[in-house]
Amino acid sequence: MVQLEILKQLELQEVFLLSLCSEKMKRAVQCLNMKPANLMYFFLENRVEVFAGYDNNPIDHHVANLKFVPDPNDEMKPMKLGGNTISCRCVKEAPENEFSHALHTLGVDIIIVLESLQRHMKDLFRFKPRVQLELASLHFINMYRLIDDVADTSFDVDELDTEELENHLTIYPVQDSVHLKAKLTGPLLTSDSKLCSIKGLGFQRTRDDGVIDPFILNETHQNPRLHFSEVINNFGGEYLVLVGIVYNINDWAQLIRRWKSKQAYQNLKFIATTVPTGVSIMFEHAMQQFDFVEWDGQRRPRTVTLDPKIINLLSNAFENIDCSKWMDIQQDGDGKWASIMLSETSIRFLVWD
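Numbering-wise (the working numbering), the sequence shown opens with residue 1 and increments by one.
Certain hints may be false.
Stated by the list, open to error - Restricting the straight-line Cα-Cα distance to at most 25 Å, the calculated cross-link-like pairs of lysine-lysine (DSS-like) are:
id, residue 1, residue 2
1, 260, 336
2, 194, 309
3, 336, 309
4, 35, 128
Don't read these hints as lab results, they were simulated from the structure.
Turn these sequences into a full structure, and let the hints steer you where they fit.
Below, the structure is given as structure tokens:
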């Protein structure tokens, strides 16, 4: 009991390091019954980091930091990780680093290391947290696929081929969301693209300054190719968020028209777009064709909470969104109602169940 109380006071990265010391210590750590909601594997140029996230807590907790080095070191020792023996050494990081220590291991052993790391995480967090990938490098493009049961992926790279994206979604066919901070290359997306049928899809580009609509997304460092029509005209999923994009207002009008007539977008729940800082897009003329009406206080709720499992990677606000000032529109044939908020810098469109 005393040992468990001490372990409860430690940070997750300290608990992880202790779990490597012996099987007895690993079993003691398992008794903590840690239940993070999310477990994220963050792939960088020469290392992988693991973070744990909890519901109702925006802070990610550092768990593991593994660095792949090209050459062996005399200080490397055999260590048990996920039931396998790997050669590594524990190195203290600089004080300004968020991780206190890094495990240095050989790059040639990356396959067994990743398999062992994932198995070790499953042993520590036995209540099946939601697995997420964040890829800041494609250096180990064929290796991150060793991670199982991925629900969400974020690509934060310079360029990404659409064929590579399609391959990714073939490997993870039940994935809920993809978040792209990359310049897209390769074949244009179509309605048959797996990317366009995913539940949640987000695109980001660099803002010129820090002025960002807090309802939509956080600032990023990449600048995607985004033919707006390519994405919005082919999207068949539930949530679509596009930030910092110069969009065509006529594509927006066509989306509303096709949704209203039930020709397309029948899975749609929410779409949001914002333009780059300093850009304005006039919407009045294109939207005159629709009979938007003010909310009457009865036909639909005042507020909405979006699905946090999908939208949390795409938006930093999804709870109790006040739609009292949004205009309403109904599908033909007494169909569903939707609400829209229009401005020269952003458009948000929400379909009510």
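Tested hints:
1. Restraint check for residue 260 and residue 336: satisfied, since their Cα atoms lie roughly 9 Å apart, inside the 25 Å limit.
2. Under the criterion of a C-alpha separation no larger than 25 Å, the hint pairing residue 194 with residue 309 is consistent with the structure, at around 19 Å.
3. A C-alpha spacing of about 24 Å is found between residue 336 and residue 309, which places the hinted pair at or below 25 Å, so the restraint holds.
4. With a CA separation close to 8 Å, the supplied pair residue 35 and residue 128 stays within the 25 Å bound.
Of the numbered hints stated above, none is contradicted by the structure.
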